[in-house]
Amino acid sequence: MIINGRAIASGRAEGEVVVLNDDFSFLGGVDTATGELRVGGGGNISGRIFAFRRGKGSTVGSYTIFDLKSKGLAPAGIVNATAETIVTTGAVIADIPLVDGIDIEALCTGDRAIIDGDAGTIELPDLELREVVTGIVRRGDQILLMRRSDEEHHFPRSWGGASGRIEEGEGPEDAACRELMEETQIDARPVLIGKPFLVRGEGIIWRVHPVLFEAEAEPTLNWEHCDYRWVSPVEAVGMDTVPRLDEVLSRLGL
Amino acid sequence: MNLSAAEQRILDGEEGDGARKALELVVALGKIYGADDLVPITSAHVSGVSYKTIGDGGIAYLEHVSQGAKVRVPSTLNPSGMDSVRWREMGVSEEFAAKQLHIIDLYGSMGVTTSCSCTPYLSDNVPRKGDHVAWAESSALSMVNSMIGARTNREGGPGALAAAIVGRTANYGLHLKENRAPTVIVEADIDGSLFSHSLLGQAVGSRIGNGIPYFRGIRPDWEEAKIMAAAMAASGAVAMFHVEDHTPESSEHPIEGLDVIHVGEAELKDAQDSLTVVEDVELIAFGCPHLSIREVKEMASFLEGKEKKSDVKVWFCTSREVRDALPAEVSILERFGTVLADTCMVVTPVEGLFERSASDSAKACNYLPTLCSQKVRCDSFQTLMEVLL
Numbered sequence: 001m002i003i004n005g006r007a008i009a010s011g012r013a014e015g016e017v018v019v020l021n022d023d024f025s026f027l028g029g030v031d032t033a034t035g036e037l038r039v040g041g042g043g044n045i046s047g048r049i050f051a052f053r054r055g056k057g058s059t060v061g062s063y064t065i066f067d068l069k070s071k072g073l074a075p076a077g078i079v080n081a082t083a084e085t086i087v088t089t090g091a092v093i094a095d096i097p098l099v100d101g102i103d104i105e106a107l108c109t110g111d112r113a114i115i116d117g118d119a120g121t122i123e124l125p126d127l128e129l130r131e132v133v134t135g136i137v138r139r140g141d142q143i144l145l146m147r148r149s150d151e152e153h154h155f156p157r158s159w160g161g162a163s164g165r166i167e168e169g170e171g172p173e174d175a176a177c178r179e180l181m182e183e184t185q186i187d188a189r190p191v192l193i194g195k196p197f198l199v200r201g202e203g204i205i206w207r208v209h210p211v212l213f214e215a216e217a218e219p220t221l222n223w224e225h226c227d228y229r230w231v232s233p234v235e236a237v238g239m240d241t242v243p244r245l246d247e248v249l250s251r252l253g254l
Numbered sequence: 001m002n003l004s005a006a007e008q009r010i011l012d013g014e015e016g017d018g019a020r021k022a023l024e025l026v027v028a029l030g031k032i033y034g035a036d037d038l039v040p041i042t043s044a045h046v047s048g049v050s051y052k053t054i055g056d057g058g059i060a061y062l063e064h065v066s067q068g069a070k071v072r073v074p075s076t077l078n079p080s081g082m083d084s085v086r087w088r089e090m091g092v093s094e095e096f097a098a099k100q101l102h103i104i105d106l107y108g109s110m111g112v113t114t115s116c117s118c119t120p121y122l123s124d125n126v127p128r129k130g131d132h133v134a135w136a137e138s139s140a141l142s143m144v145n146s147m148i149g150a151r152t153n154r155e156g157g158p159g160a161l162a163a164a165i166v167g168r169t170a171n172y173g174l175h176l177k178e179n180r181a182p183t184v185i186v187e188a189d190i191d192g193s194l195f196s197h198s199l200l201g202q203a204v205g206s207r208i209g210n211g212i213p214y215f216r217g218i219r220p221d222w223e224e225a226k227i228m229a230a231a232m233a234a235s236g237a238v239a240m241f242h243v244e245d246h247t248p249e250s251s252e253h254p255i256e257g258l259d260v261i262h263v264g265e266a267e268l269k270d271a272q273d274s275l276t277v278v279e280d281v282e283l284i285a286f287g288c289p290h291l292s293i294r295e296v297k298e299m300a301s302f303l304e305g306k307e308k309k310s311d312v313k314v315w316f317c318t319s320r321e322v323r324d325a326l327p328a329e330v331s332i333l334e335r336f337g338t339v340l341a342d343t344c345m346v347v348t349p350v351e352g353l354f355e356r357s358a359s360d361s362a363k364a365c366n367y368l369p370t371l372c373s374q375k376v377r378c379d380s381f382q383t384l385m386e387v388l389l
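Chains X and F, in that order, give the protein sequences. Heads up: the first sequence at position 30 corresponds to 30 in the numbering used here, and the numbers run straight through without jumps. Heads up: the second sequence at position 60 corresponds to 60 in the numbering used here, and the numbers run straight through without jumps.
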C-alpha cells in the first residue's frame, strides 16, 4: 500500500521503519557516535526510515542531523506527522528524504518502507490497505454504539458504529448508508463526512472514513452486533471500543 | 509552490550545487509553512556563529556549504563565542578559539560581513520600510519588523544563510501584510527607565507567546526598544510589536475588538522575581543586545570619576564598531570591567568561568541558566553598579 503525504525534502530510500510516537529533538535525542536513540524504547536509526511526530528542541538539531550523515549514521529517510524548521533544515542539508502529513500511528517499528521525498509518499509493500467506513448515528445529545458479536473476525465484543469495507466503485457515503441499513435497518443520509485517518492492524492498515447520520429510529440489529446503547460521546470513549473510535467522534465534531 | 523561471534554473543546478541546495532549503521551509512563492530579499542576518552553540556538526556543515556558495545580498553575522581579539583575557581556550576563528572565516569566505553583532540595524545592515529580508537573531528581526517596518520571519541560522545565497526567501508569515496586524493590546504603566522596558518585554512575552502586541503608554527609543524586543523574543516568541503613534505600521491595522492586558509595577516585579534566584554574583554583564553608542556614552558618564571597590567581574558587550568609535568612553568602562566586542554573555562559554551572574537584560537572564548553567540576578544597571561602587 502507499500512504500519501507531503513532499518536503527530496530523495528516495528504502529501509526498515523505526517509530517514535512522540516529538523528538535530534540534539540530545540520539547518540551521535552510534545512531542509537536515547528516548522512547531506544533502537538505532542509522540507515532506517525514522518516523516521529514532530521535531522539537534546539535549532542545533539541524547540525546534528548533518553530523550523523557525515559519519554514515543518519537515517535513510524521515517521516513526520508535521514537519517543522529544525528537522526540515537538517534533512535538506544532509540530503535525507523527508515526507510529512503521515499518520505515524499507522506505522510500526520493523515495517519495510520506501520513502519518496519527491512524490511525498510512503510505500509499505508488505501491508494491505482497506478502505472502511464507520457510521455514527446521532439522536439529540446521544449517539448509537453497537457491540460487535462473537462471530466478527475483527474486534469481537468491542463497541463501535456501523462499519464495513468500501466496495469497488463505491464512495464512503454510499458505503456508509449500505452498512447502516444492513446492520440497523435505519434508512438515513449522511449529514457529515469526516476527514479519513489510518488505523493499524496486523498486516493491514485501515483507512477509516467517519460518517455522521441523524435518525430517530431504534436499530434492528443483524448478526454482526449483539447489543446497542444510546450514549453521550463522553460516555462512548470510556467504553471498550474498537481502536480509535475517539478519533472518529472527534473528526465528526462530537 | 510557484517558482519563477530564474528560480527553477537554480533548482535545476544551472547556477551551481551550492545555490541549488540553498534554494531547496528555502523551498522546503516555505512548503511547511504554506508559502505560495518566494520573494526577493534585500539583506540577511545570519545566526549560528558561536562554536559553543553549533559545535563540530555546524563546522562540518559550513565547510560543506562554503565550498560552492556565495551570498547574493548584503549579509551580516550574529555574535560569536568570543572577542576575536581579546579572547585570552576572557579565559577562552586555544582549542575553542581556533575553531571559532575557523567558523568566522568560513562565513567570510561566502561573502558574509563578519561584524559579529546582534544590532546590525544600528550600523552596517539597515533595511528600509517595506523591504523583505531574511533575518535570524530573534531580537534583531523583531527590531527590523517593528521599528523599521521591514519584513522578516523568525529565520533559523541555516535558513537565513540559504536565503542570502539565493537572494530570496519563502513568502509567508510576516512577509504578508495581513499577518502583521496586532493580536493583543498592552496597556503599559511603567516608569520609563531602560530596565522597566526589559521587564515589560519579559512580562509581555511570557503572557502572549508568539502574538503581536500593540503597546500603549510607552514611546521607546532604539535602546529601550531593543532590550524590550529581546526580552519578548526570549520569554515568548514575539517577532513583531507595534507602539501606538510611534512605530511605522502602528496605524496600518485595525485594533478594534482586541483583548487588552495591563502591565504595571506588580507585573514587572513578578517578572524580575521570576528571573532572579541569587543576590551575590561573580559576573555582571551588560549589552544584551549589544550596547549602542549612546548607551556606552551614558554608562561612561555615569561611571566617570567613580572608583571600583569590588572584585566582581563586569562585561560590557558591544559591537566592534562601537568599541572602536569611542576610545575615551571605553577607557572609562575598562576601569570597571572588560569591554568585549563580537560576542556576548549568552554565546560565550561562561559556564567554565562563573557560576552566578547578573544582567539588566531579561533576555540574558532567560538564557544564562539554560545555556550557561548560571544562577542569575536580573536588575538595573544602576542597582548592579552600586555593588561595585
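Keep in mind the hints are simulated off the structure, nothing from the lab. Glycine included, C-beta positions come from ideal geometry on N, C-alpha and C. One should not assume that every hint holds.
As the list claims (entries may be wrong) - Under 8 Å between C-beta atoms, here's a sample of chain X residues computed to sit facing chain F: (1) Ala83; (2) Glu84; (3) Thr88; (4) Arg244.
To be verified - If you want the footprint, here are the derived chain X segments under chain F, 3+ residues with CB under 8 Å: (5) 3-16; (6) 152-159.
For which of the previously enumerated hints does the structure constitute a violation, in increasing order of number?
Hint check: 4, 6 fail, others pass.
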